[in-house]
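Please build the complex by placing chain R on the supplied structure of chain X, with the hints as guidance.
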Amino acid sequence: VSGEINRVIIVGGGQAGGEAALRLRHGGFKGEITIVGEEREPPYQRPPLSKTYMSGELSMERLLLRPAEVYGEDDVRLLLHRRATWIDRTRKRVQLDGGQELAYDALILATGSRARALPVPGADLPGVHLLRTAADVDAIRARMKPGAEMVVIGGGYIGLEAAASARKLGLNVTVVEAAIRPLARVTSPEVSGFFLDQHTAHGVRFVLAAQAAVIKGEEQVRAVGLADGTELAADLVVVGVGIAPEQGLAERAGLNVNDGILVDRTMRTSDPAIFAIGDCAKRPLVHYGGRMARLESVHNALEGAKIAAALILGQTPPVEEVPWFWSDQYDLKLQIAGMFQGYDHFVVRGSMEEKAFAMFYLREGRLIAVDAVNRPAEYLGGKALIQKGASPSPAALADVTIPMKTLMAG
Amino acid sequence: MPKVTYIEHNGKEHVIDVPVGQTVMEGATKHAVPGIDADCGGACACATCHVYVDAAWLEKTGKPSGMEQSMLDFAADVEPNSRLSCQIKVTAELDGLVVKLPSSQH
Numbered sequence: 001v002s003g004e005i006n007r008v009i010i011v012g013g014g015q016a017g018g019e020a021a022l023r024l025r026h027g028g029f030k031g032e033i034t035i036v037g038e039e040r041e042p043p044y045q046r047p048p049l050s051k052t053y054m055s056g057e058l059s060m061e062r063l064l065l066r067p068a069e070v071y072g073e074d075d076v077r078l079l080l081h082r083r084a085t086w087i088d089r090t091r092k093r094v095q096l097d098g099g100q101e102l103a104y105d106a107l108i109l110a111t112g113s114r115a116r117a118l119p120v121p122g123a124d125l126p127g128v129h130l131l132r133t134a135a136d137v138d139a140i141r142a143r144m145k146p147g148a149e150m151v152v153i154g155g156g157y158i159g160l161e162a163a164a165s166a167r168k169l170g171l172n173v174t175v176v177e178a179a180i181r182p183l184a185r186v187t188s189p190e191v192s193g194f195f196l197d198q199h200t201a202h203g204v205r206f207v208l209a210a211q212a213a214v215i216k217g218e219e220q221v222r223a224v225g226l227a228d229g230t231e232l233a234a235d236l237v238v239v240g241v242g243i244a245p246e247q248g249l250a251e252r253a254g255l256n257v258n259d260g261i262l263v264d265r266t267m268r269t270s271d272p273a274i275f276a277i278g279d280c281a282k283r284p285l286v287h288y289g290g291r292m293a294r295l296e297s298v299h300n301a302l303e304g305a306k307i308a309a310a311l312i313l314g315q316t317p318p319v320e321e322v323p324w325f326w327s328d329q330y331d332l333k334l335q336i337a338g339m340f341q342g343y344d345h346f347v348v349r350g351s352m353e354e355k356a357f358a359m360f361y362l363r364e365g366r367l368i369a370v371d372a373v374n375r376p377a378e379y380l381g382g383k384a385l386i387q388k389g390a391s392p393s394p395a396a397l398a399d400v401t402i403p404m405k406t407l408m409a410g
Numbered sequence: 001m002p003k004v005t006y007i008e009h010n011g012k013e014h015v016i017d018v019p020v021g022q023t024v025m026e027g028a029t030k031h032a033v034p035g036i037d038a039d040c041g042g043a044c045a046c047a048t049c050h051v052y053v054d055a056a057w058l059e060k061t062g063k064p065s066g067m068e069q070s071m072l073d074f075a076a077d078v079e080p081n082s083r084l085s086c087q088i089k090v091t092a093e094l095d096g097l098v099v100k101l102p103s104s105q106h
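Chains as they are written, first to last, in the working numbering: chain X, 1 to 410; chain R, 1 to 106.
With the rest of the complex left out, here is chain X (with noise of 0.2 Å):
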């Protein structure tokens, strides 16, 4: 960014784009400050949306990362339910539905993603349901009745999230998975398996290796044919397949784009006026030799709009964290640290029996990620240690009576 910054827009209201405008204003920002969201609500935290608002436990306001009102104490333009549509760089102006037309000294795209429909016939019939926003959740919400038939579609972690839920207000589950595994993309084999065996524990039941082939219904869902055949009775259908980066206004503005905005390690996209910060942005892993991911994360969101607040204000930027993650269910806090492709060694500790254990990877060595299971030291130390790029022995690790600072000193 050169010259001087009068006006920041923020396309995007979610918890990046809601985390840009704090760090700006309160970071000592004069400027007008913008943020344009096509959701109804101010920003809000997106990962209780699987958890503790779909089972009832946590209300709108609790969601509400800042209530509506101190955006304009901290004098925050909000255009919520918008959408911009064009990005005119050569005039730094940003096009909104409408025809309005907002210009810009700096840009942030915070547009996030989109859950990825199930591409099959009968994914439209009411009583299906992608689960990505709060209006999302308040539609599966209204159907989840005791004793109800729920099929959930992909065995992720917000599928599984939504499994529990459903499980604590007394529906019947069955989770559908295209691979062997649930968590097949984010985890071991290992953790896997514990996670399948605690659902099922639970009264999940589990069709793994099987593909949703229809939806079927006349006024509303009523079951899931799968491609062998095999229907499963549904009175509702949650489909969890997956996110895709909402890139298309960077696309059509001619920005670097790759399965996400294309950004270095300051959240400059391709051209330095803009920056893209949280789930649409793919940036460089500066712990994993530099190899360019998209993180679907709080962390990657809150750091993204730190890093870009910190370069529009002229100030040194965050160093980066190592990326971490959670998940909840049932009694099971499942906290993640680092990144574990291309491990070659694994180590648990702890035990998978009584539920609390940690899994260290490692690969040539290296301490490259953990997941811990109600283990929150192993996953703390265990995040230091990837921090610091440590190859911790792996007869250590695996050891319970080496408390883990002890490893951290070492």
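The hints are all genuine.
Distance ranges between label pairs, derived from CB positions: (1) X:390 <-> R:78: 21 to 31 Å; (2) X:402 <-> R:80: 21 to 31 Å; (3) R:95 <-> X:402: 43 to 53 Å; (4) X:124 <-> R:80: 56 to 66 Å; (5) R:9 <-> X:74: 15 to 25 Å.
By construction, these hints were calculated from the structure, which means they are not laboratory data.
All values derive from a computational prediction rather than experimental measurement.
Don't be surprised by glycine CBs; every beta carbon is placed ideally from N, CA and C.
Chain R alone, transformed into the frame defined by chain X:
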């Protein structure tokens, strides 16, 4: 509505009305009190909402759970009155609560 006083490391005070049922963390994040990051939004997953509970209030706020204590062990500058503010639910009894914030959450 119960009032909670947050005192930044530099001594600056913020008095916030926090609805019963919300957490001490939410009172701070929803009003952008500097010094509480609360990255995970209150899921007890990140240990970036560390506070020191004023001695007069320690009995009423109770003790950290095992999970919380394990997370606290890895926070910077931990004291016996350290808590994760996402794990302190505000009740009518906590009206007037005072918490101090550490110099950094990382």
